[in-house]
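Chains as they are written, first to last, in this note's numbering: chain A, 888 to 1314; chain B, 349 to 791; chain C, 8 to 437.
Since the hints were made in silico from the structure, they are not lab data.
Since the structure is predicted, the reported quantities are computational estimates derived from the model, not experimental observations.
For every residue, glycine included, the Cβ atom is placed at its ideal position computed from N, Cα and C.
Please note: incorrect hints may appear among the correct ones.
Sample of chain A residues facing chain B (criterion: CB under 7 Å; computed from the structure) [said to hold, decoys possible]:
| id | residue |
| --- | --- |
| 1 | Val-932 |
| 2 | Ser-1084 |
| 3 | Gln-1095 |
| 4 | Ser-1096 |
| 5 | Met-1098 |
| 6 | Asn-1113 |
| 7 | Met-1117 |
| 8 | Gly-1196 |
| 9 | Lys-1198 |
Straight-line Cα separation of at most 25 Å, SDA-like style, residue types lysine to any residue; simulated pairs [said to hold, decoys possible]:
| id | chain 1 | residue 1 | chain 2 | residue 2 |
| --- | --- | --- | --- | --- |
| 10 | B | Lys-780 | C | Gly-328 |
| 11 | B | Lys-498 | A | Ala-1195 |
| 12 | A | Lys-1115 | B | Gly-735 |
| 13 | B | Lys-578 | A | Lys-1209 |
| 14 | B | Lys-780 | C | Val-315 |
| 15 | A | Lys-1112 | B | Lys-571 |
| 16 | B | Lys-578 | A | Thr-1104 |
| 17 | A | Lys-1150 | B | Lys-772 |
| 18 | A | Lys-1134 | B | Pro-582 |
| 19 | A | Lys-1209 | B | Ala-781 |
| 20 | C | Lys-292 | B | Tyr-770 |
| 21 | C | Lys-411 | B | Glu-505 |
| 22 | A | Lys-1112 | B | Lys-578 |
| 23 | C | Lys-432 | B | Asn-568 |
| 24 | B | Lys-772 | C | Gly-361 |
| 25 | B | Lys-675 | C | Lys-276 |
| 26 | A | Lys-1118 | B | Asn-568 |
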Amino acid sequence: MRVCQRLCIIMGIFGLVVFFWSASADVGPTYAIRNAKIVPVSGPVIEKGIVIIRDGLIESLGPMGKVAVPDDAEIIEAEGLVAYPGLVSAHTNLFLDEPKTTEPAPSQPDFMMGVAQPQPVEFAELLAFRLLKPKKAPLDSYLKIGFTTVLIAPSKGIFQGQSVIVNLNGEKPEPMVLKNPAALHINLTTGRGTYPSSLMGTIAYIRQSFMDADYYTNARALYAKNPKSMKRPEFNPFLEALGPYLKDNKPVVFQCNNMEDIKRALKIIDEFKLNALLSHANEAWRDAAVLKKTPIPLLVTLDFTPPAGSKYVSQGEELKKKAEAEIYPANAANLAKEGIKFALTTLGLPDASTALKNIQAAIKAGLPKDETLRALTIQPAIYLGVASQLGSLEPGKIANVILTKGEIFDEKTVVDKVFVDGLLVKF
Amino acid sequence: MKKFLKHILVCGASFVLAALPILSAGGSLVIKNGTILTVTKGVIAKGDILVVDGIIKRIGENIAVPPGAKVIDASGKFVIPGIIDSHTHIALAGTNEGPEAITPEADVGEVVNADDTAILTALSGGVTMVHTMHGSANPIGGPNVVLKLKWGKPSEELIVPEALRTLKFALGENVKQSNRTISFGGPPPRYPQTRMGVNAIIRREMFKAKTYMEEWDRYNKLKASKTPPKSLLPPRKDLRMEVLSDLLRGKMVARCHDYQATEALEFMNLAKEFGFKIACFEHAWEAYKIADELVAAKIGISVFADSWAYKMEAAEGIAYMAGYCAKKGVLVSINSDSGERIRRLFNDASKTMKYGGLDENEALSLITINPAIQLGVDKIVGSLEVGKQADIAIFNKHPLSAYTRCDMTIIDGDVYFDRAQYLKDRDEADKKAQAPKTNGDRP
Amino acid sequence: MTKRIFIFAFGAMLAAGFFFGQTKPYKVLAIKSAKIIPVVGDEIDNGTILIRDGKIEAIGKEIDVPADAQVFEAKGLCAYPGMIDSFCFLGLQEISGVQATVDNRETGRINPQVRAIEALRYDSIHIPISRSNGITAALVAPTGGLVAGQSTLIKLDGWTNREMVIKRSAAMQIEFPAIRGGRGGFGGMGRGQAAPSDPAKLIAELKDLFHKARSYQKRKEFAAKNPALPIPGFDETSEFLFPILKGDLPVMISVHSEKDIRSAIQLVKEESLKAIFFGVEQGWKVADDLKKADIPVVLGSLYDLPPVWEDGYDSLYRNAGILNKAGVKIAFSSASASLAKDLPYHAAKAAAFGLDEKEALKAVTIYPAEIFGVDKLMGSLEKGKSANIILADGDILETRTNIKKVYIDGKDCDLSNRYTELLEKFKKRT
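Okay, chain A solo, but in the shape it has when bound:
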């Protein structure tokens, strides 16, 4: 009797949980995508197959005839189309309504410190999620070229804030969220008129911030253990926000705008033993030796604009043109040749059509097509810690599926249909 009672209670609680959980969301539709060529990325290509989507997830996939079509499935005829996992851009600044970056000048006594105004405002505690304001037109433009998942990070400041990973399933922020926060973002840039206004100042500032976060966390812990032994450490929201990234190994993304930044970031990462990824990195091929010695997740942008100080742009017009047209677009291809893994992102690109154009340029410059696809699907998913949910067509994963007329990334290819979270997108 006792066992029975316990079981009933447990079942009852479980049922309530299921009830409330499922009562909070509608059950999604079921689709059967038939006669498509399927490129799962995580497995061999299926020349003619079927994908079953149910309630937001991929239920099953396989060759025609091997997978049964459920009775409640809406049939999607995909003869002549190719099914791919939805593309993932692992670093963007899209769809944000960002705050101003300066504060008014401090009062008179402060200037005796030898400090100029205005003072910098750092955003470590800022959540990109709070700034999300997706608009239909740009959303659709990215869906139309096959992107279904993006990481969105704030773009201002040195400590830029904490990013969010979203599925592009509509204009309401909450249902989009996959992971929040995703990572802390740091950019090797300067404060422009405020401290730090030079790159060396920025590097010192980043290091000092982590040192202070360490001190702060230790002081708070000590105080918590024995409040009577010391004055309470002053609350500092910036350091509070940094703490988990320093102490609990939460991921930190360093935006490296040229080859030297990569080495500078690696030094800081090593000093503080951070769990880090490097982003932008559009000169990463020039650091191949370093990256082979110290492998680190790379989020390589498709923005081919040569860095301002690059020697390729300061030695005459001819070399500059070559840099823009050939050398920098070959970044990813060169990394692949060196056996260095990376994901591709759309960071810094003005719009979706440029993104597609640049993907094609990267392929033309020598990046094999299947590697390009991997770099936009499973690799970013692995780097972002969501590989169990996204990045390939596998049963149990989120149903982010795109159907293309033609092989993906080819000149004449168009995206015919897009499924995000198992819902067919209506353009």
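Position chains B and C relative to chain A; hints supplied.
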């Protein structure tokens, strides 16, 4: 058996040791039949230099060429140590952290930019090594770095680890922002705005650094004691204070940008007050007024030959200064502080023969061994001596002649600038540009 | 007794007057035993120069020296003509960063009415320094805008600015834009982008100004002849531009890029201007065109980086040699006030990169004299010319050479300057 093993070990070790030079960086070459101006060991009218793996192995006459070594024909030419510019701002991504006055945490060594084409400009003027620095926006700028101008190599390979660690200070007009327009009604200008304030702010930071060091001493003592207190928290680590502490501990030397004599004398007082060492005054246009004090304090100067009268504090700079101070016993180097002047340092050095009466070797020292001593690298560069690194420049006429031209610049035994090759490449490029196009030209 | 003392004292004072003054008045001066480099004509070893009334009366190996001649024994020294700086700011700039001491750049774009001579600070600290390095004449020019004003040719000696005048208005300064915005284009500090060249607009603007000047002049003439016609209101710009259209005043056109140089050549031809070009950094690309148009070139300071990467690291240095070989008349300038003394070293630098050494010397002596139309007065050591003579212990284009004597119009000039004053002052500190 033991003896046999020992034998093997010795053989193996010596094999490895013998192989080591092959593993080290640097090229091998022989410079032949040049007039060698060693700077420290006299002049060889017609001689050779043998370089193996980046090190000068022999200087003399009729040296045999080892297999595999590149031969450089220096007939009729002059061979000197690579020129050292002890005050520049090239090859850096940024030089001033202006919004705050005290910024020693900002280290230029973190922002070396090996892509800077100013490196090529410098190489074309025979310069092989630079002390690239903070600018002069701040009373206390930050650490500087010494680089070899190895164009094409990754930035970390440019850094010269043997160099003294130097900390940039600045005094005078730039620091007190005299030459900026003040906007009325805007935020108050950055303190300090007078020379009094400049000294006061440096003194304040030194006191803060001393306090910081005392806090850490106290903590370390407590921690090491038999019964350390339970809630012992170390003091907050402060990068800014760490650098100043290093200066006060003697691990760094000060290099101070100054113009007026009073500024220099008062900075020397500050150094005495807090016990730090000044290696060099930069620019120091009034150093001739206090030459005796500089000699007594063993402080060098790193100056222009004659670029003056661009600011009030440069209005009493005289072209005789470098030569006069050198004759008085001050350690003088001539610098460029300019991405253009850097390729004429040998011309600037030669001016001290006319303004100052220096002889050829004294004048040449101003851009070779003297800056090397100031930077603490005189054991490895600065003169042509056996055992030193092969940083060499070759000129088609005497380097102190106004008619001379740098024809080749070598660093660690590798050629980084070769005018003959440059001309050949340019000729080819010109020919290609003028060649008739093969498409669309037919009528 | 007291009378004798009085006479003695008076005599001593007179004698003191003679001996303490740096410049000793004389009737005839003979410089003997010098190695004479006249620039025009052959060198004379162990020669003599005779100076009377500020002119070279005789020059040669065997010369009759009058009995009452003052003699300067110049054994071991070389005699050269005084050098001429073909573009500088001497007298218009003391401390370049202190605006109150700078007078070479008027505000606005069109300023033909301003005259450098009227602002020339003859007591500038920089003039004695330049003079003591053997420079005896200079073109002092205003700069800035499109029409910067009238430059002046001065000798570097005189108690007032007007005393220094050789030509009150030597040229009208017109300026095309520099090739790059700021310092840059070749690495180093500053990374200026090459400014896009659009000479057509500037040429149109200048032609418009010239047209206005001509029609203004015509109306003035007609009104002068016919009292019934109204007198045109005073048009300052037209008034001061007209002399260049008449051919009375040369124009010195500051021009830099290949495209602009070609357009400027065209303008000079179409407007029949007597022209000198200044700067001409890409002149080596259009040397033949410059030769054909017979336009002399004053080179800017060689202490600068090449304007564009593609021109090569040595483009400013080899420019002079290429122009000279193509037959273009060249002259060097310091383009400075505080570094005006470096004029000869620009010439030597060009010689290091291909310019014939003798031509380099001519480009700081006879060629500038010819360019500014004063070659009958100076630029070489020849009978009848002004006694602008320098005595040096070596080649005057060499940095280590010391200038021992500077004669301007025969006057033995004071060689002390700001440098020597301060040096002597602090030498006294023992």
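Going through the hints against the structure:
no., hint, result
1, Val-932, "violated (41 Å)"
2, Ser-1084, "holds (5 Å)"
3, Gln-1095, "holds (5 Å)"
4, Ser-1096, "violated (10 Å)"
5, Met-1098, "holds (5 Å)"
6, Asn-1113, "holds (6 Å)"
7, Met-1117, "holds (6 Å)"
8, Gly-1196, "holds (6 Å)"
9, Lys-1198, "holds (4 Å)"
10, B:Lys-780 / C:Gly-328, "holds (24 Å)"
11, B:Lys-498 / A:Ala-1195, "holds (21 Å)"
12, A:Lys-1115 / B:Gly-735, "violated (64 Å)"
13, B:Lys-578 / A:Lys-1209, "violated (64 Å)"
14, B:Lys-780 / C:Val-315, "holds (19 Å)"
15, A:Lys-1112 / B:Lys-571, "holds (19 Å)"
16, B:Lys-578 / A:Thr-1104, "holds (17 Å)"
17, A:Lys-1150 / B:Lys-772, "violated (36 Å)"
18, A:Lys-1134 / B:Pro-582, "holds (17 Å)"
19, A:Lys-1209 / B:Ala-781, "holds (17 Å)"
20, C:Lys-292 / B:Tyr-770, "holds (19 Å)"
21, C:Lys-411 / B:Glu-505, "violated (50 Å)"
22, A:Lys-1112 / B:Lys-578, "holds (11 Å)"
23, C:Lys-432 / B:Asn-568, "violated (55 Å)"
24, B:Lys-772 / C:Gly-361, "holds (16 Å)"
25, B:Lys-675 / C:Lys-276, "violated (58 Å)"
26, A:Lys-1118 / B:Asn-568, "holds (21 Å)"
Going down the numbered hints, you'll see the structure goes against 1, 4, 12, 13, 17, 21, 23 and 25, while the others check out.
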